[in-house]
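Trainee: The primary structure of each chain is shown beneath.
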Amino acid sequence: MGIGTQDETAFSFDGDWRELAPILFTNLMLSIVTLGFYRFWGITRERRYLWSKTRFIDDRLEWTGTGKELFLGFLLVIAILFVPLFLLQFVAQALILRGHTAFAGVLFLSLYLVFFYVAGLAIFRGLRYRLSRTHWHGIRGGSDDPGFGYGWSYTWKTIVGSFVLGLLIPWSMTSLWSERWNRMSFGPHNFESGPEWGGLMRRFLLCYLAPVVALIVAIAIVVAGAASGGSSGGMAGGALAVVLVLGSIYIVLPIMALAYYAAFFREMIGTLRLSTLNFHFSARTKDWLVLMLGNIGLYVLVFALALAVASMLGVATLPKDPQALAHPPIATLAIIGLIVAIPLGLVGGFVRYRNWHFFIRHLEAGGEIDLASLTQSSTPEPRQGEGLLDALDMGGF
Amino acid sequence: MIDVSGLWHYDGRTAIRHKVDLRTGDDGFSLIGDNVDMGPYRWSDLVRRDNSPDGPVYGLKDKAGWRICFAGGVPDAIRDQLPGPARYGRWVDQLGFWRASVMFLAVSAVFALAVFKAPDWLAPNIPFAWEKQMGDAMVGDFGGRFCNGPGGQAALDALVRKIDQGKPAVRVHVANIGMVNAVALPGGNIVLFRGLLQEAKSPDEIAGVLGHEIGHVRKRHVVQALMRQAGLSVLLGGFGGNGGGYLNAMLAASYSREAESAADDYAIRQLKSARISPDDTAAFFARMSAQEAKLGEAAAALGYVSSHPLSQSRERAFRQSKQAGTAYAPVIDADQWAALSDICHNDPKVPAEDSLFF
Numbered sequence: 001m002g003i004g005t006q007d008e009t010a011f012s013f014d015g016d017w018r019e020l021a022p023i024l025f026t027n028l029m030l031s032i033v034t035l036g037f038y039r040f041w042g043i044t045r046e047r048r049y050l051w052s053k054t055r056f057i058d059d060r061l062e063w064t065g066t067g068k069e070l071f072l073g074f075l076l077v078i079a080i081l082f083v084p085l086f087l088l089q090f091v092a093q094a095l096i097l098r099g100h101t102a103f104a105g106v107l108f109l110s111l112y113l114v115f116f117y118v119a120g121l122a123i124f125r126g127l128r129y130r131l132s133r134t135h136w137h138g139i140r141g142g143s144d145d146p147g148f149g150y151g152w153s154y155t156w157k158t159i160v161g162s163f164v165l166g167l168l169i170p171w172s173m174t175s176l177w178s179e180r181w182n183r184m185s186f187g188p189h190n191f192e193s194g195p196e197w198g199g200l201m202r203r204f205l206l207c208y209l210a211p212v213v214a215l216i217v218a219i220a221i222v223v224a225g226a227a228s229g230g231s232s233g234g235m236a237g238g239a240l241a242v243v244l245v246l247g248s249i250y251i252v253l254p255i256m257a258l259a260y261y262a263a264f265f266r267e268m269i270g271t272l273r274l275s276t277l278n279f280h281f282s283a284r285t286k287d288w289l290v291l292m293l294g295n296i297g298l299y300v301l302v303f304a305l306a307l308a309v310a311s312m313l314g315v316a317t318l319p320k321d322p323q324a325l326a327h328p329p330i331a332t333l334a335i336i337g338l339i340v341a342i343p344l345g346l347v348g349g350f351v352r353y354r355n356w357h358f359f360i361r362h363l364e365a366g367g368e369i370d371l372a373s374l375t376q377s378s379t380p381e382p383r384q385g386e387g388l389l390d391a392l393d394m395g396g397f
Numbered sequence: 001m002i003d004v005s006g007l008w009h010y011d012g013r014t015a016i017r018h019k020v021d022l023r024t025g026d027d028g029f030s031l032i033g034d035n036v037d038m039g040p041y042r043w044s045d046l047v048r049r050d051n052s053p054d055g056p057v058y059g060l061k062d063k064a065g066w067r068i069c070f071a072g073g074v075p076d077a078i079r080d081q082l083p084g085p086a087r088y089g090r091w092v093d094q095l096g097f098w099r100a101s102v103m104f105l106a107v108s109a110v111f112a113l114a115v116f117k118a119p120d121w122l123a124p125n126i127p128f129a130w131e132k133q134m135g136d137a138m139v140g141d142f143g144g145r146f147c148n149g150p151g152g153q154a155a156l157d158a159l160v161r162k163i164d165q166g167k168p169a170v171r172v173h174v175a176n177i178g179m180v181n182a183v184a185l186p187g188g189n190i191v192l193f194r195g196l197l198q199e200a201k202s203p204d205e206i207a208g209v210l211g212h213e214i215g216h217v218r219k220r221h222v223v224q225a226l227m228r229q230a231g232l233s234v235l236l237g238g239f240g241g242n243g244g245g246y247l248n249a250m251l252a253a254s255y256s257r258e259a260e261s262a263a264d265d266y267a268i269r270q271l272k273s274a275r276i277s278p279d280d281t282a283a284f285f286a287r288m289s290a291q292e293a294k295l296g297e298a299a300a301a302l303g304y305v306s307s308h309p310l311s312q313s314r315e316r317a318f319r320q321s322k323q324a325g326t327a328y329a330p331v332i333d334a335d336q337w338a339a340l341s342d343i344c345h346n347d348p349k350v351p352a353e354d355s356l357f358f
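Protein chains in written order, with our numbering: chain A, 1 to 397; chain B, 1 to 358.
Treat the hints with caution; some may be incorrect.
[Said to hold, decoys possible] Each computed EDC-like pair below joins lysine to aspartate or glutamate, with the alpha-carbon atoms no more than 16 Å apart:
hint, chain 1, residue 1, chain 2, residue 2
1, B, K322, B, E258
2, B, K201, B, D335
3, B, K19, B, D45
4, B, K19, A, E381
5, B, K63, A, D59
6, B, K201, B, D265
7, A, K68, B, D93
8, B, K19, A, E19
9, B, K219, B, D279
10, B, K19, B, D34
11, B, K201, B, D342
12, B, K117, B, E258
[Unchecked claim] Just the calculated beta-carbon pair ranges, DEER-fashion:
hint, chain 1, residue 1, chain 2, residue 2, range
13, B, G151, A, L307, 55 to 65 Å
14, B, G25, A, L76, 34 to 44 Å
15, A, G297, B, I126, 45 to 55 Å
16, B, Q198, A, F108, 44 to 54 Å
17, A, F108, B, G144, 51 to 61 Å
18, A, L165, B, P83, 18 to 28 Å
19, B, A230, A, G297, 49 to 59 Å
20, A, A304, B, R161, 18 to 28 Å
21, B, R87, A, D14, 14 to 24 Å
These are calculated hints, taken from the structure and not from any lab test.
For every residue, glycine included, the Cβ atom is placed at its ideal position computed from N, Cα and C.
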């Protein structure tokens, strides 16, 4: 089956946020009445929808993961990570109170390293889980590697990447990406990833240098203003300098980072192969910018709405007496909590929808697929989901 | 025997899509098509999957990737044999959305109530010996930072005996740390920081602050707080991320404010029965309140997030507890107060540090 012709893209997405909305609203309702524990099942429903609306060539993707798997992953992480951390915190306190600050320091440092290791493990296992639950034509992906080695790579490459003032970050990101994807497979075929990081350096340096350049220019403006026009010129120059520095930090730097990220993604996906298939990612910086601004806009909009509702409700529920104000009733706290939780819970779902749509819209593939030789994956199926990723609040890929 | 035509089928072994017909048999069916003749399968092993635009899709239990899709529609004759769609998850699908919601809400409410209320009932029943063991393990010798200038500890012990004769006795020490604060740690260990002694204008003031900390010990607030914190972590664990953390901190702060008020009441009672004037403690809070006043309007709003009641209301409570006609005496005499004030200054062995950590 040949794909990726001029007039037809291999991937397409035909979801509609109005179809997703009832899913998100019922997820939110069930999450609230279960004190949040339904969210594992909620995420599963969300993914089933997104995957089922994603077409690759002639058929849809299918998400076969379950809420129970995600929940078990969560429990596992609590048991093997958070309970020991909780206990270690007491050990560290006891050490500090006894004056063994050096020991406590060593303990914290090793915990820091463990955190890196666990983060790497989480990224690897999250990707493996997602591939193993993604079916197409009845065939799924996966990995034979449990990811324990990747955890070490992630630890040392991230640390080395931060050497030389962070200039090696593109190298560490690129090499970790390819290490991860080279261990993944779909059906009988291994993914092959061979990205180059040299081409990313120009954009990385730009985003690195933007604040430095802005600072130098700002200082020059202040000096020039003070030299030419006395105090008023100095003031105007100073104001301009402040605007310039703030602008570079809050506007230029994020855009530069986005430009780097856009190039990074194009290089990573563009050099990814699966047997005779090759992939391509077309999103440019301005596409990413539109995506990000849209996502931020959604959050701002919903929070503004929530604040409006909160101020109306708040006037009614807040006690008038300042003395009672210091002891707000639980009901008031609960209302405030819900006003924060409801928008956050809802917007997250729509943002994930936008991100997925963006990803599929810009993803293309070319080459040949032989359906007869695309046989079922022999990789082990993980029994629990991406608990680590979830616990560390990290994204996929 | 019924034939249903126009199905497509993945066998889960290769990605090839087979065109098949479905033929019903005894409590099951077979699939028949070009190069395919499979089955029989049982109806009860079918699992409903997400719809394809072609029609409803079914999988087979324990057979990864196996799918059939009724691209030509489902005939009424076999409709009853097919499992219904899975939407929310098994429990909710079986109960129905609204009934499940109400039941979950009830269970959550009971659970939440247990987490909020259980520490109040359980904490007083935990043997003090357990708490003491835990406290000793956690506190140790405080890194050798306890001051022991001549006569200082004796004066402090005398002060403590005046306001608390409870069993088992609390152990109060002064740590050579500059903070203006005092803490009650597990196991009846109370630590005064040097900064508080330097700030204090009189021993009565120290008696008031210590009475408050002893109140925490006697009312088992330390264990209560530990238990509540653990319970809230479980309760809010489901929310994940930062949201749960903020909510946790807010709820914990609101409970610790309750405990602070109870400890103040305890201190006021102890001062009263020991015939120690509450004036100096009130004056101490007045000085603190002057600092808070600088924060202006924010102070009232701060009451929401801070773990202590505002100093002004605490000052009022202590001031109002004074009884006309009572003969008040200082809690310890001038010599003892001098020894206590200098407990760190007169102890050259103790390292002076302004923070707990470095």
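Trainee: Could you run down the list of hints and mark each one as holding or not?
Mentor: So, going through the hints one by one against the coordinates:
1. K322(B) with E258(B): Answer violated: K322(B) to E258(B) is near 23 Å, above 16 Å.
2. K201(B) with D335(B): holds (15 Å)
3. K19(B) with D45(B): Answer violated: K19(B) to D45(B) is near 21 Å, above 16 Å.
4. K19(B) with E381(A): Given that 16 Å is the threshold and the Cα spacing comes to 28 Å, the pair is violated.
5. K63(B) with D59(A): violated (20 Å)
6. K201(B) with D265(B): violated (22 Å)
7. K68(A) with D93(B): holds (15 Å)
8. K19(B) with E19(A): Judged against 16 Å, a Cα distance of about 30 Å means the pair is violated.
9. K219(B) with D279(B): Between K219(B) and D279(B) the Cα gap is close to 24 Å, so the pair fails against 16 Å, i.e. violated.
10. K19(B) with D34(B): holds (7 Å)
11. K201(B) with D342(B): Holds: K201(B) and D342(B) sit about 13 Å apart, inside 16 Å.
12. K117(B) with E258(B): Holds, at about 13 Å.
13. G151(B) with L307(A): 55 to 65 Å: holds (59 Å)
14. G25(B) with L76(A): 34 to 44 Å: With a Cβ separation near 43 Å, G25(B) and L76(A) satisfy 34 to 44 Å, so the hint holds.
15. G297(A) with I126(B): 45 to 55 Å: Given about 52 Å between the Cβ atoms, the range holds.
16. Q198(B) with F108(A): 44 to 54 Å: Hint violated: Cβ distance 31 Å, outside 44 to 54 Å.
17. F108(A) with G144(B): 51 to 61 Å: violated (21 Å)
18. L165(A) with P83(B): 18 to 28 Å: violated (60 Å)
19. A230(B) with G297(A): 49 to 59 Å: Once the Cβ atoms are compared, 40 Å apart, the range 49 to 59 Å for G297(A) and A230(B) is violated.
20. A304(A) with R161(B): 18 to 28 Å: violated (60 Å)
21. R87(B) with D14(A): 14 to 24 Å: 21 Å Cβ-Cβ, so the 14 to 24 Å window holds.
Of the numbered hints stated above, those contradicted by the structure are hints 1, 3, 4, 5, 6, 8, 9, 16, 17, 18, 19 and 20, listed in ascending order.
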